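Novice: Sequence:
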Amino acid sequence: MYRKKDLILSGIAAISRRWWHDKNGSIAIMFGLTFSIMLMFVAGAVDISRWMAARTESKAAVDSAVLAGARSLQVENENIGGAIAAAQRYYKENTKNLQVVDDSITFQTSRNNMAMEASGQSFVTTPFLSLIGIPKMALFTETEAIAEAVVATGGKGEGGVEIAMMLDITGSMRGDKLSDLKDAAKDLLDIVLLQENGKTRVSLVPFSEAINIEKNWAAEVVSNGPQWVKIGGTKYFLDPQCATERTGDDALTDAAPNGQNKLGKFYSKDGECMPKSASVIPLSYDKSALKSAIEQYEASGNTAGHLGTAWAWYMLSPNWAQRVPPASRAGEYDEPGLRKIAILMTDGEYNTQYADGFPVSANSAPNGSSTEQARTLCTNMKAKGITVYTVGFKLDRGGDSEQTMQMCASDASMAFSADNGDALKQAFRDIALQISTLYLIR
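The opening residue of the sequence shown carries number 1 in our numbering; numbering runs sequentially from there.
None of these hints come from the bench; they were simulated from the model.
Bear in mind that the values here come from a model prediction, so they are computed numbers and not experimental data.
Some clues are possibly wrong.
Claimed, not checked - Straight line, CA to CA, 25 angstroms or less: simulated DMTMM-like cross-link-like pairs of lysine to aspartate or glutamate:
hint: 1; residue 1: K394; residue 2: D176
hint: 2; residue 1: K199; residue 2: E335
hint: 3; residue 1: K262; residue 2: E372
hint: 4; residue 1: K287; residue 2: D411
hint: 5; residue 1: K235; residue 2: D190
hint: 6; residue 1: K182; residue 2: E335
As the list claims (entries may be wrong) - Pair ranges (Cβ atoms, derived):
hint: 7; residue 1: E214; residue 2: D356; range: 18 to 26 angstroms
hint: 8; residue 1: N97; residue 2: S179; range: 45 to 53 angstroms
hint: 9; residue 1: N380; residue 2: K92; range: 47 to 55 angstroms
Even for Gly, the Cβ is constructed at its ideal location relative to N, Cα and C.
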(Lines of atoms letter the chains of each structure in order from A and count residues from 1; the text may use other names and numbers.)
(Lines give C-alpha, C1' and ligand atoms only; values in the text may rest on other atoms or scores of the structure.)
Protein backbone atom coordinates (compact mmCIF):
# COMPACT_ATOMS: atom_id res chain seq x y z
CA MET A 1 0.00 0.00 0.00
CA TYR A 2 2.82 2.38 0.96
CA ARG A 3 4.76 1.45 -2.19
CA LYS A 4 1.73 2.45 -4.33
CA LYS A 5 1.45 5.77 -2.50
CA ASP A 6 5.18 6.43 -2.99
CA LEU A 7 4.90 5.70 -6.70
CA ILE A 8 2.04 8.21 -7.05
CA LEU A 9 3.96 10.91 -5.17
CA SER A 10 7.09 10.22 -7.23
CA GLY A 11 5.05 10.55 -10.41
CA ILE A 12 3.56 13.86 -9.32
CA ALA A 13 7.02 15.18 -8.45
CA ALA A 14 8.41 14.14 -11.83
CA ILE A 15 5.58 15.81 -13.69
CA SER A 16 6.07 18.96 -11.62
CA ARG A 17 9.79 19.06 -12.46
CA ARG A 18 9.13 18.65 -16.17
CA TRP A 19 6.44 21.41 -16.04
CA TRP A 20 8.81 23.79 -14.26
CA HIS A 21 11.66 23.19 -16.71
CA ASP A 22 9.54 23.03 -19.87
CA LYS A 23 10.87 25.53 -22.43
CA ASN A 24 8.07 24.96 -24.98
CA GLY A 25 5.32 27.15 -23.46
CA SER A 26 3.45 24.73 -21.22
CA ILE A 27 2.98 27.46 -18.61
CA ALA A 28 1.49 29.73 -21.26
CA ILE A 29 -0.91 26.98 -22.28
CA MET A 30 -2.01 26.38 -18.71
CA PHE A 31 -2.38 30.11 -18.15
CA GLY A 32 -4.55 30.30 -21.25
CA LEU A 33 -6.74 27.48 -20.00
CA THR A 34 -7.03 29.07 -16.56
CA PHE A 35 -7.85 32.46 -18.07
CA SER A 36 -10.52 30.89 -20.28
CA ILE A 37 -12.12 29.26 -17.28
CA MET A 38 -12.04 32.53 -15.35
CA LEU A 39 -13.50 34.35 -18.34
CA MET A 40 -16.31 31.79 -18.50
CA PHE A 41 -17.07 32.41 -14.84
CA VAL A 42 -17.19 36.16 -15.41
CA ALA A 43 -19.36 35.79 -18.51
CA GLY A 44 -21.61 33.36 -16.65
CA ALA A 45 -21.94 35.91 -13.88
CA VAL A 46 -23.20 38.41 -16.46
CA ASP A 47 -25.89 35.93 -17.52
CA ILE A 48 -26.79 35.26 -13.88
CA SER A 49 -27.03 38.99 -13.23
CA ARG A 50 -29.35 39.42 -16.22
CA TRP A 51 -31.46 36.51 -14.97
CA MET A 52 -31.77 37.97 -11.49
CA ALA A 53 -32.78 41.39 -12.84
CA ALA A 54 -35.31 39.83 -15.23
CA ARG A 55 -36.80 37.69 -12.45
CA THR A 56 -37.15 40.70 -10.15
CA GLU A 57 -38.85 42.79 -12.83
CA SER A 58 -41.06 39.93 -13.96
CA LYS A 59 -42.10 39.17 -10.41
CA ALA A 60 -42.97 42.83 -9.83
CA ALA A 61 -44.97 42.86 -13.08
CA VAL A 62 -46.87 39.72 -12.09
CA ASP A 63 -47.61 41.06 -8.60
CA SER A 64 -48.90 44.32 -10.06
CA ALA A 65 -50.98 42.45 -12.63
CA VAL A 66 -52.74 40.21 -10.10
CA LEU A 67 -53.47 43.24 -7.93
CA ALA A 68 -54.94 45.03 -10.96
CA GLY A 69 -57.05 41.98 -11.77
CA ALA A 70 -58.22 41.66 -8.17
CA ARG A 71 -59.16 45.34 -8.11
CA SER A 72 -61.21 44.74 -11.26
CA LEU A 73 -62.97 41.90 -9.43
CA GLN A 74 -63.92 44.40 -6.74
CA VAL A 75 -65.30 46.99 -9.11
CA GLU A 76 -66.95 44.62 -11.59
CA ASN A 77 -67.22 41.38 -9.66
CA GLU A 78 -69.51 39.71 -12.16
CA ASN A 79 -67.10 40.27 -15.06
CA ILE A 80 -64.53 37.52 -14.54
CA GLY A 81 -63.27 37.74 -18.11
CA GLY A 82 -62.77 41.46 -17.79
CA ALA A 83 -60.73 41.03 -14.62
CA ILE A 84 -58.48 38.44 -16.26
CA ALA A 85 -58.06 40.69 -19.30
CA ALA A 86 -57.11 43.58 -17.02
CA ALA A 87 -54.40 41.48 -15.39
CA GLN A 88 -53.07 40.37 -18.79
CA ARG A 89 -52.94 43.93 -20.10
CA TYR A 90 -51.12 45.13 -17.01
CA TYR A 91 -48.58 42.30 -17.24
CA LYS A 92 -47.85 42.84 -20.93
CA GLU A 93 -47.42 46.58 -20.45
CA ASN A 94 -44.91 46.07 -17.65
CA THR A 95 -42.88 43.35 -19.38
CA LYS A 96 -42.74 44.76 -22.91
CA ASN A 97 -39.10 45.85 -22.47
CA LEU A 98 -37.93 42.61 -20.86
CA GLN A 99 -36.01 40.20 -23.08
CA VAL A 100 -37.83 37.05 -22.05
CA VAL A 101 -38.67 34.02 -24.18
CA ASP A 102 -41.21 31.20 -24.00
CA ASP A 103 -43.44 33.29 -21.74
CA SER A 104 -46.46 31.22 -20.64
CA ILE A 105 -47.62 33.31 -17.67
CA THR A 106 -51.42 33.13 -17.40
CA PHE A 107 -54.00 34.61 -15.04
CA GLN A 108 -57.12 33.09 -13.56
CA THR A 109 -59.49 33.70 -10.66
CA SER A 110 -59.43 31.54 -7.55
CA ARG A 111 -61.03 31.25 -4.10
CA ASN A 112 -64.58 31.47 -5.46
CA ASN A 113 -63.66 34.50 -7.57
CA MET A 114 -62.33 36.32 -4.51
CA ALA A 115 -58.73 36.25 -5.78
CA MET A 116 -56.64 36.64 -8.93
CA GLU A 117 -53.83 34.13 -9.46
CA ALA A 118 -50.88 33.97 -11.86
CA SER A 119 -49.05 30.80 -12.85
CA GLY A 120 -46.74 29.58 -15.58
CA GLN A 121 -43.17 30.29 -16.56
CA SER A 122 -40.92 32.45 -18.68
CA PHE A 123 -37.22 32.33 -19.56
CA VAL A 124 -34.28 34.62 -20.14
CA THR A 125 -31.64 33.68 -22.72
CA THR A 126 -28.07 33.04 -21.50
CA PRO A 127 -25.66 33.52 -24.44
CA PHE A 128 -22.51 32.89 -22.39
CA LEU A 129 -23.79 29.93 -20.44
CA SER A 130 -25.06 28.46 -23.70
CA LEU A 131 -21.41 27.60 -24.44
CA ILE A 132 -21.64 24.97 -21.71
CA GLY A 133 -25.11 23.79 -22.67
CA ILE A 134 -27.38 26.24 -20.77
CA PRO A 135 -29.11 28.34 -23.49
CA LYS A 136 -31.81 29.79 -21.18
CA MET A 137 -32.86 29.94 -17.54
CA ALA A 138 -36.40 29.76 -16.15
CA LEU A 139 -37.67 32.72 -14.16
CA PHE A 140 -40.47 30.65 -12.64
CA THR A 141 -41.08 26.93 -12.58
CA GLU A 142 -43.76 25.21 -14.62
CA THR A 143 -45.96 24.35 -11.64
CA GLU A 144 -45.27 27.37 -9.47
CA ALA A 145 -48.25 29.62 -8.65
CA ILE A 146 -46.11 32.70 -8.74
CA ALA A 147 -48.55 35.25 -7.32
CA GLU A 148 -52.02 35.52 -5.86
CA ALA A 149 -53.88 38.66 -4.81
CA VAL A 150 -56.90 38.26 -2.55
CA VAL A 151 -59.76 40.71 -2.24
CA ALA A 152 -60.68 41.26 1.40
CA THR A 153 -62.85 43.80 3.15
CA GLY A 154 -62.04 42.33 6.52
CA GLY A 155 -58.48 43.55 6.97
CA LYS A 156 -56.45 40.75 5.34
CA GLY A 157 -59.07 38.27 6.37
CA GLU A 158 -58.37 38.32 10.11
CA GLY A 159 -61.50 40.24 11.04
CA GLY A 160 -64.67 41.57 9.51
CA VAL A 161 -66.34 44.78 8.44
CA GLU A 162 -69.68 46.18 9.57
CA ILE A 163 -71.02 49.06 7.49
CA ALA A 164 -74.07 51.20 8.21
CA MET A 165 -75.26 53.46 5.38
CA MET A 166 -77.43 56.43 6.32
CA LEU A 167 -79.26 57.42 3.14
CA ASP A 168 -81.25 60.63 2.74
CA ILE A 169 -84.57 59.99 0.97
CA THR A 170 -86.28 63.23 1.91
CA GLY A 171 -88.56 65.16 -0.45
CA SER A 172 -85.65 67.17 -1.85
CA MET A 173 -84.17 63.94 -3.24
CA ARG A 174 -87.00 63.43 -5.76
CA GLY A 175 -86.19 62.72 -9.39
CA ASP A 176 -82.67 62.27 -10.70
CA LYS A 177 -81.09 62.81 -7.30
CA LEU A 178 -82.76 59.71 -5.87
CA SER A 179 -81.89 57.68 -8.97
CA ASP A 180 -78.27 58.73 -8.63
CA LEU A 181 -78.26 57.75 -4.95
CA LYS A 182 -79.70 54.33 -5.71
CA ASP A 183 -77.01 53.68 -8.31
CA ALA A 184 -74.25 54.90 -6.00
CA ALA A 185 -75.40 52.82 -3.03
CA LYS A 186 -75.83 49.66 -5.11
CA ASP A 187 -72.40 50.21 -6.65
CA LEU A 188 -70.89 50.29 -3.17
CA LEU A 189 -72.63 47.02 -2.33
CA ASP A 190 -71.13 45.40 -5.43
CA ILE A 191 -67.65 46.32 -4.28
CA VAL A 192 -67.81 45.51 -0.58
CA LEU A 193 -70.11 42.46 -0.72
CA LEU A 194 -68.17 40.13 -2.97
CA GLN A 195 -69.28 36.98 -1.24
CA GLU A 196 -72.38 36.04 0.72
CA ASN A 197 -71.75 34.58 4.16
CA GLY A 198 -68.48 36.48 4.11
CA LYS A 199 -67.01 38.75 6.73
CA THR A 200 -68.66 41.94 5.51
CA ARG A 201 -72.19 42.99 6.43
CA VAL A 202 -74.09 46.14 5.53
CA SER A 203 -77.01 47.88 7.22
CA LEU A 204 -79.30 50.32 5.41
CA VAL A 205 -80.64 53.32 7.33
CA PRO A 206 -82.96 55.32 5.05
CA PHE A 207 -84.35 58.42 6.71
CA SER A 208 -86.42 61.51 6.10
CA GLU A 209 -88.37 63.13 8.93
CA ALA A 210 -88.35 59.95 11.04
CA ILE A 211 -87.17 56.32 11.00
CA ASN A 212 -89.37 53.48 9.76
CA ILE A 213 -88.90 50.20 11.65
CA GLU A 214 -90.11 46.70 10.85
CA LYS A 215 -93.11 45.62 12.90
CA ASN A 216 -91.43 42.53 14.34
CA TRP A 217 -89.08 44.57 16.52
CA ALA A 218 -90.59 48.07 16.64
CA ALA A 219 -92.47 47.39 19.89
CA GLU A 220 -89.20 46.63 21.66
CA VAL A 221 -87.57 49.95 20.82
CA VAL A 222 -90.30 52.62 20.34
CA SER A 223 -92.32 54.23 23.13
CA ASN A 224 -96.03 53.58 23.19
CA GLY A 225 -98.75 56.21 23.44
CA PRO A 226 -102.40 56.93 22.70
CA GLN A 227 -103.54 55.74 19.29
CA TRP A 228 -104.54 59.29 18.48
CA VAL A 229 -104.51 62.75 20.01
CA LYS A 230 -106.41 65.90 19.11
CA ILE A 231 -104.61 69.24 18.91
CA GLY A 232 -106.47 72.39 17.89
CA GLY A 233 -109.36 70.37 16.57
CA THR A 234 -107.10 68.18 14.39
CA LYS A 235 -106.57 64.48 15.03
CA TYR A 236 -103.07 63.05 14.87
CA PHE A 237 -102.53 59.30 14.73
CA LEU A 238 -99.73 57.19 16.16
CA ASP A 239 -97.55 55.04 13.90
CA PRO A 240 -96.07 52.38 16.22
CA GLN A 241 -93.41 51.49 13.64
CA CYS A 242 -92.00 55.00 13.47
CA ALA A 243 -89.17 56.25 15.72
CA THR A 244 -88.00 59.73 16.68
CA GLU A 245 -85.39 60.78 19.24
CA ARG A 246 -85.44 59.79 22.85
CA THR A 247 -84.77 62.09 25.78
CA GLY A 248 -82.99 61.69 29.10
CA ASP A 249 -79.48 60.53 29.94
CA ASP A 250 -79.37 58.04 27.05
CA ALA A 251 -80.64 60.49 24.43
CA LEU A 252 -77.40 60.77 22.47
CA THR A 253 -75.88 57.39 23.27
CA ASP A 254 -76.12 53.86 21.88
CA ALA A 255 -77.66 52.44 25.04
CA ALA A 256 -80.04 49.59 24.35
CA PRO A 257 -83.71 50.63 24.57
CA ASN A 258 -85.65 49.16 27.43
CA GLY A 259 -88.77 50.02 29.37
CA GLN A 260 -87.32 53.28 30.64
CA ASN A 261 -85.40 54.66 27.67
CA LYS A 262 -87.24 53.64 24.53
CA LEU A 263 -87.08 55.86 21.47
CA GLY A 264 -89.54 58.67 20.82
CA LYS A 265 -92.90 57.99 19.18
CA PHE A 266 -94.33 59.62 16.04
CA TYR A 267 -97.71 61.20 15.28
CA SER A 268 -99.02 62.49 11.97
CA LYS A 269 -102.36 63.32 10.41
CA ASP A 270 -102.43 60.11 8.41
CA GLY A 271 -100.63 57.97 10.98
CA GLU A 272 -97.97 56.91 8.48
CA CYS A 273 -94.25 57.17 9.00
CA MET A 274 -92.00 59.20 6.79
CA PRO A 275 -90.28 57.63 4.96
CA LYS A 276 -93.18 55.41 3.94
CA SER A 277 -91.24 53.44 1.34
CA ALA A 278 -88.29 52.23 3.36
CA SER A 279 -87.44 50.75 6.73
CA VAL A 280 -84.15 50.11 8.47
CA ILE A 281 -82.38 46.88 7.51
CA PRO A 282 -79.95 45.61 10.17
CA LEU A 283 -76.54 44.22 9.23
CA SER A 284 -76.81 41.75 6.36
CA TYR A 285 -74.60 40.10 3.74
CA ASP A 286 -77.59 39.45 1.44
CA LYS A 287 -76.66 41.74 -1.43
CA SER A 288 -79.75 40.92 -3.48
CA ALA A 289 -82.10 41.81 -0.63
CA LEU A 290 -80.21 45.01 0.12
CA LYS A 291 -80.29 46.09 -3.53
CA SER A 292 -83.98 45.28 -3.80
CA ALA A 293 -84.70 47.43 -0.74
CA ILE A 294 -82.76 50.36 -2.19
CA GLU A 295 -84.65 50.10 -5.45
CA GLN A 296 -87.95 50.58 -3.58
CA TYR A 297 -86.96 53.93 -2.08
CA GLU A 298 -89.22 56.91 -2.73
CA ALA A 299 -88.42 60.47 -1.70
CA SER A 300 -90.71 62.23 0.79
CA GLY A 301 -90.69 64.22 4.00
CA ASN A 302 -88.45 66.67 5.83
CA THR A 303 -84.90 66.14 7.07
CA ALA A 304 -84.20 64.74 10.54
CA GLY A 305 -80.55 63.94 9.93
CA HIS A 306 -79.86 63.31 13.60
CA LEU A 307 -82.20 60.32 13.51
CA GLY A 308 -80.38 58.77 10.57
CA THR A 309 -77.07 59.39 12.34
CA ALA A 310 -78.32 57.77 15.54
CA TRP A 311 -79.63 54.70 13.75
CA ALA A 312 -76.41 54.22 11.79
CA TRP A 313 -74.72 54.03 15.18
CA TYR A 314 -77.35 51.73 16.66
CA MET A 315 -76.88 49.20 13.86
CA LEU A 316 -73.14 49.07 14.59
CA SER A 317 -73.54 48.90 18.35
CA PRO A 318 -73.16 45.64 20.27
CA ASN A 319 -75.51 47.16 22.86
CA TRP A 320 -78.35 46.62 20.39
CA ALA A 321 -77.56 42.93 19.92
CA GLN A 322 -80.74 41.78 21.66
CA ARG A 323 -82.92 44.15 19.63
CA VAL A 324 -82.05 42.79 16.18
CA PRO A 325 -82.12 39.28 14.65
CA PRO A 326 -79.16 37.07 15.66
CA ALA A 327 -77.57 37.16 12.19
CA SER A 328 -77.62 40.96 12.28
CA ARG A 329 -76.01 41.49 15.66
CA ALA A 330 -72.99 43.76 15.66
CA GLY A 331 -69.69 42.57 17.08
CA GLU A 332 -68.09 43.98 20.19
CA TYR A 333 -66.27 47.28 19.88
CA ASP A 334 -62.97 45.64 20.89
CA GLU A 335 -63.32 42.52 18.75
CA PRO A 336 -59.88 41.84 17.16
CA GLY A 337 -59.70 42.84 13.50
CA LEU A 338 -63.30 44.08 13.32
CA ARG A 339 -63.88 47.41 11.61
CA LYS A 340 -67.07 49.41 12.12
CA ILE A 341 -67.87 52.02 9.48
CA ALA A 342 -70.70 54.54 9.22
CA ILE A 343 -71.43 56.28 5.91
CA LEU A 344 -73.62 59.36 6.38
CA MET A 345 -75.20 60.85 3.24
CA THR A 346 -77.50 63.87 2.98
CA ASP A 347 -78.55 66.53 0.49
CA GLY A 348 -79.87 69.26 2.76
CA GLU A 349 -80.07 71.11 6.03
CA TYR A 350 -81.23 69.19 9.08
CA ASN A 351 -84.52 70.90 9.90
CA THR A 352 -86.72 68.55 11.94
CA GLN A 353 -86.51 67.68 15.62
CA TYR A 354 -89.14 66.32 18.02
CA ALA A 355 -90.80 66.60 21.39
CA ASP A 356 -93.24 63.93 22.57
CA GLY A 357 -93.84 62.62 19.06
CA PHE A 358 -94.35 65.94 17.27
CA PRO A 359 -91.95 68.12 15.28
CA VAL A 360 -91.04 71.30 17.13
CA SER A 361 -88.70 74.25 16.73
CA ALA A 362 -85.08 73.81 17.73
CA ASN A 363 -85.61 75.98 20.80
CA SER A 364 -88.45 73.75 21.99
CA ALA A 365 -86.70 70.42 21.40
CA PRO A 366 -85.43 68.78 24.64
CA ASN A 367 -82.18 67.70 22.96
CA GLY A 368 -81.63 70.80 20.85
CA SER A 369 -81.66 71.13 17.08
CA SER A 370 -81.29 68.26 14.66
CA THR A 371 -77.88 69.62 13.65
CA GLU A 372 -76.66 69.87 17.24
CA GLN A 373 -77.83 66.36 18.01
CA ALA A 374 -76.21 64.93 14.88
CA ARG A 375 -72.85 66.49 15.69
CA THR A 376 -72.90 65.13 19.24
CA LEU A 377 -73.89 61.68 18.02
CA CYS A 378 -70.99 61.70 15.56
CA THR A 379 -68.55 62.66 18.29
CA ASN A 380 -69.84 59.94 20.56
CA MET A 381 -69.79 57.17 17.97
CA LYS A 382 -66.26 58.07 16.86
CA ALA A 383 -65.19 57.83 20.50
CA LYS A 384 -66.30 54.17 20.34
CA GLY A 385 -63.89 53.52 17.46
CA ILE A 386 -66.37 53.79 14.59
CA THR A 387 -64.91 55.22 11.38
CA VAL A 388 -67.23 57.80 9.84
CA TYR A 389 -67.37 58.74 6.15
CA THR A 390 -69.70 61.53 5.02
CA VAL A 391 -71.13 62.42 1.63
CA GLY A 392 -72.77 65.78 1.03
CA PHE A 393 -74.84 65.92 -2.15
CA LYS A 394 -75.33 69.37 -3.67
CA LEU A 395 -75.02 71.07 -0.29
CA ASP A 396 -74.76 74.83 0.10
CA ARG A 397 -71.12 75.77 0.43
CA GLY A 398 -70.35 76.78 3.98
CA GLY A 399 -73.85 75.93 5.22
CA ASP A 400 -74.64 74.15 8.47
CA SER A 401 -75.14 70.81 6.74
CA GLU A 402 -71.78 70.92 4.96
CA GLN A 403 -70.08 71.88 8.20
CA THR A 404 -71.85 69.01 9.94
CA MET A 405 -70.59 66.58 7.31
CA GLN A 406 -67.06 67.86 7.77
CA MET A 407 -67.28 67.67 11.55
CA CYS A 408 -68.75 64.18 11.52
CA ALA A 409 -66.12 62.63 9.24
CA SER A 410 -63.27 60.86 11.00
CA ASP A 411 -60.84 63.07 9.12
CA ALA A 412 -60.90 65.52 6.22
CA SER A 413 -60.12 62.82 3.65
CA MET A 414 -63.31 61.00 4.62
CA ALA A 415 -65.65 63.95 3.98
CA PHE A 416 -66.85 63.80 0.37
CA SER A 417 -68.76 66.49 -1.50
CA ALA A 418 -70.67 65.74 -4.70
CA ASP A 419 -72.16 68.38 -7.00
CA ASN A 420 -73.76 65.97 -9.49
CA GLY A 421 -74.79 62.38 -9.96
CA ASP A 422 -71.47 61.21 -11.38
CA ALA A 423 -69.60 62.76 -8.47
CA LEU A 424 -71.97 61.06 -6.02
CA LYS A 425 -71.33 57.67 -7.58
CA GLN A 426 -67.59 58.30 -7.54
CA ALA A 427 -67.71 59.29 -3.87
CA PHE A 428 -69.45 56.04 -2.93
CA ARG A 429 -67.02 54.07 -5.08
CA ASP A 430 -64.02 55.78 -3.51
CA ILE A 431 -65.36 54.98 -0.05
CA ALA A 432 -65.96 51.35 -1.03
CA LEU A 433 -62.43 50.98 -2.35
CA GLN A 434 -61.00 52.55 0.79
CA ILE A 435 -62.98 50.10 2.88
CA SER A 436 -61.92 47.12 0.77
CA THR A 437 -58.33 45.91 0.81
CA LEU A 438 -56.15 43.87 -1.51
CA TYR A 439 -53.17 41.85 -0.42
CA LEU A 440 -50.68 39.42 -1.91
CA ILE A 441 -50.49 36.03 -0.24
CA ARG A 442 -47.58 34.72 -2.35
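Novice: Are any of the numbered hints broken by this structure? If so, which, sorted upward?
Specialist: 4, 5 and 6
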